[in-house]
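Read off the chains here:
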Amino acid sequence: MKPFIGVQELRNDLRAKKYSAVELAHFYLNRISELNGSINGFITVDSERCLERAALADRQLAHSNPHPLCGIPIAHKDLFCTKGVRTTCASNMLGSFIAPYDATVVKQTAEAGTVSLGKTNMDEFAMGSSNETSWFGVVRNPWNLNCVPGGSSGGTAASVSSGMTPLATGSDTGGSIRQPASLCGITGLKPTYGRVSRFGMIAFASSLDQGGPLAHSATDVYELLAAMEGHDPMDSTSADVENTTLPAGDRSFVIGYPESLFDDLDSDIAGCIERARLQFEALGHKIEVVELPHIDAAVAAYYVISSAEASTNLARYDGVRYGHRTEVSEDLLDMYCQSRTEGFGLEVKRRILTGTYSLSVGYFDAYYLKAQKIRRLVRDGFLTAFENVDMILAPVTPTTAFEFNSMKADPVEMYKQDLYTIPVSLAGLPALSLPCGFVNDLPVGMQLIGRHFAEGEVLAGGMAFQDRTDWHEHHPTLESASAL
Amino acid sequence: MHDMDDETIERLLTLSQLSLDIEDREKIRRDLDAIIGFIEIMDQVNTEGVEPLAHAVDLDQPLRKDRAVIDFERDDFQSLAPKTADGFYLVPKVLDQH
Chain A
31 MKPFIGVQEL RNDLRAKKYS AVELAHFYLN RISELNGSIN GFITVDSERC
81 LERAALADRQ LAHSNPHPLC GIPIAHKDLF CTKGVRTTCA SNMLGSFIAP
131 YDATVVKQTA EAGTVSLGKT NMDEFAMGSS NETSWFGVVR NPWNLNCVPG
181 GSSGGTAASV SSGMTPLATG SDTGGSIRQP ASLCGITGLK PTYGRVSRFG
231 MIAFASSLDQ GGPLAHSATD VYELLAAMEG HDPMDSTSAD VENTTLPAGD
281 RSFVIGYPES LFDDLDSDIA GCIERARLQF EALGHKIEVV ELPHIDAAVA
331 AYYVISSAEA STNLARYDGV RYGHRTEVSE DLLDMYCQSR TEGFGLEVKR
381 RILTGTYSLS VGYFDAYYLK AQKIRRLVRD GFLTAFENVD MILAPVTPTT
431 AFEFNSMKAD PVEMYKQDLY TIPVSLAGLP ALSLPCGFVN DLPVGMQLIG
481 RHFAEGEVLA GGMAFQDRTD WHEHHPTLES ASAL
Chain B
5 MHDMDDETIE RLLTLSQLSL DIEDREKIRR DLDAIIGFIE IMDQVNTEGV
55 EPLAHAVDLD QPLRKDRAVI DFERDDFQSL APKTADGFYL VPKVLDQH
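These protein sequence lines are chains A and B, in that order. The first sequence begins at 31 in our numbering and counts up one residue at a time. The second sequence begins at 5 in our numbering and counts up one residue at a time.
Among the clues, some could well be false.
Said to hold, decoys possible - Cross-link-like lysine-lysine pairs, in silico, DSBU-like; alpha carbons within 35 Å at most: (1) A/K438 / B/K31; (2) A/K137 / B/K87; (3) A/K379 / A/K113; (4) B/K69 / A/K137; (5) B/K31 / A/K379; (6) A/K379 / B/K97; (7) A/K446 / B/K31.
Bear in mind the hints are in silico, worked out from the structure with no lab data behind them.
Only chain B is shown next, with the shape it has when bound in the complex:
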């Protein structure tokens, strides 16, 4: 049985850039315990000598021709951003002025 402790949950939240209120945090802790317990069924399968498989279909990944194509306009994409100015994306200040 797993014990998803507070420290682990905190680390996962930091890595994922998420936060949870107390109620959701407790629910997620229980759920992750159950999920991790469930996925350990994988241990019952002998995978010695088996190569990992990242994609099920063996596909070539051909490169496109190295040719400039104007499919999209920069302004169209930037107009989706919550905050922009003079063609730049605006975010809260990263470095303190001092």
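So here's chain A without its partners, still in its complex pose:
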């Protein structure tokens, strides 16, 4: 057995009885034991239940027609509730929270026969772009342990990238799947808002949050999406639409190229994406220049909207019904205040305060309503572009993985990391982040942005690119990680 194997090969091996699901689970659990001490991609490793589920998968594999993912290991970002296993959201507030039910994503992927290894690290309450805000410590980038893996799904991306799991779930509010996928050299999809149920996914900003898959290739991402998606009566914003299918045949697409986005982009990163553009042309796709208006203002609007929604969502943590409760308090209000002060980290407090400010009397129109108007302009800008193109090729991040603490002191600089991912989130569109090169031995990603519910098209575009290139087959050597 070896790491970095794709789903198709794992499935073939399991069915050919080269190894059992239990043996496969042992392989990944051993790899986690070996590497997690230095990467810190997992918060909780659930060996006992993992092996029980693997044994169940082996019994299912012995019968006819097992699910395509039966016996394949998976890891869940630690904001998906898992019955009987703690779900922390990487916060002291939920440090010992054990959910009494499974998130729909967890339930569906378990029914598909996947074998959960455990829960992956993240920025606290998914607020961050570097995975430096976790109560359970920073996650290290497998390509360079001195660098961040991105965030907020940094633990998920680092775990896939280092071969500790072949599949994993993440969530994306302003780029939290695409940015870490890009910085860790793997493939990740932010689905259309409403494609994947949010039931049991701990809320950050409810009009933006969307769960999605991360893996080594667009093909594997597609397989995991198939197990995650679908209408869920338990989530009133879950869309009742047909499941994702790939377009028939070798369709050639018209791909939009937003030239102005490349003006301020690092020239080496721009060079990688430019070469990808040429590759798409060589594959028979047509490139058309498109304009995406208000990109700079989109980042500001996003921080107003997401912080406002966060300040409301996180009001539920009061130390009464679940979560951290202070040991010392004078009265009820003091108990609320102390419990929240002890439970939340500084970045979460900063977002709550920003959100409270923008929603407060005298500022609501100037900030919150203004941001929602800009949100419409940003979305309409994409819809106009999609009148002429099938998908848009864009950068994911302005830099490759950066060193720890290099941006932590300046929240605005950190927020600008999400310049290219945020507009897509505001517009609720699907986008696939996939590797397209290296700069100074660190991976570079690009994203293919699609129309609402056109995941099949961006996945087909990604698969076609990965058929002809091998960027997604480069893996970190992890020599220093193993040595630690």
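Mind docking chain B on chain A? Use the hints.
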């Protein structure tokens, strides 16, 4: 340039039910100044006549059938609470006995 004064910070902390020590308070004050300064880039966009957009995807929100379903047990949820007694959530006393 903004000046996030102490009074504003105090009001936000009260509304948010949070407190900060002196060091964090100063850091947050500076950060909020920078963040508010940053988000004012929105003023450069003309939004006259534009309707606010709350959700990016136009979705119907269908109602579930009005049927009792026992998905969850009350005791399972209450067992998560830091303090309970006889099926009630316990909190510090709200009203003084006198």
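Hint check results:
1. A/K438 / B/K31: Status holds; Cα separation ~12 Å.
2. A/K137 / B/K87: holds (30 Å)
3. A/K379 / A/K113: holds (28 Å)
4. B/K69 / A/K137: holds (22 Å)
5. B/K31 / A/K379: Since the Cα atoms of B/K31 and A/K379 sit roughly 12 Å apart, the hinted pair holds (cutoff 35 Å).
6. A/K379 / B/K97: holds (27 Å)
7. A/K446 / B/K31: holds (19 Å)
Figure legend: structure checked against the earlier numbered hints; every hint is met.
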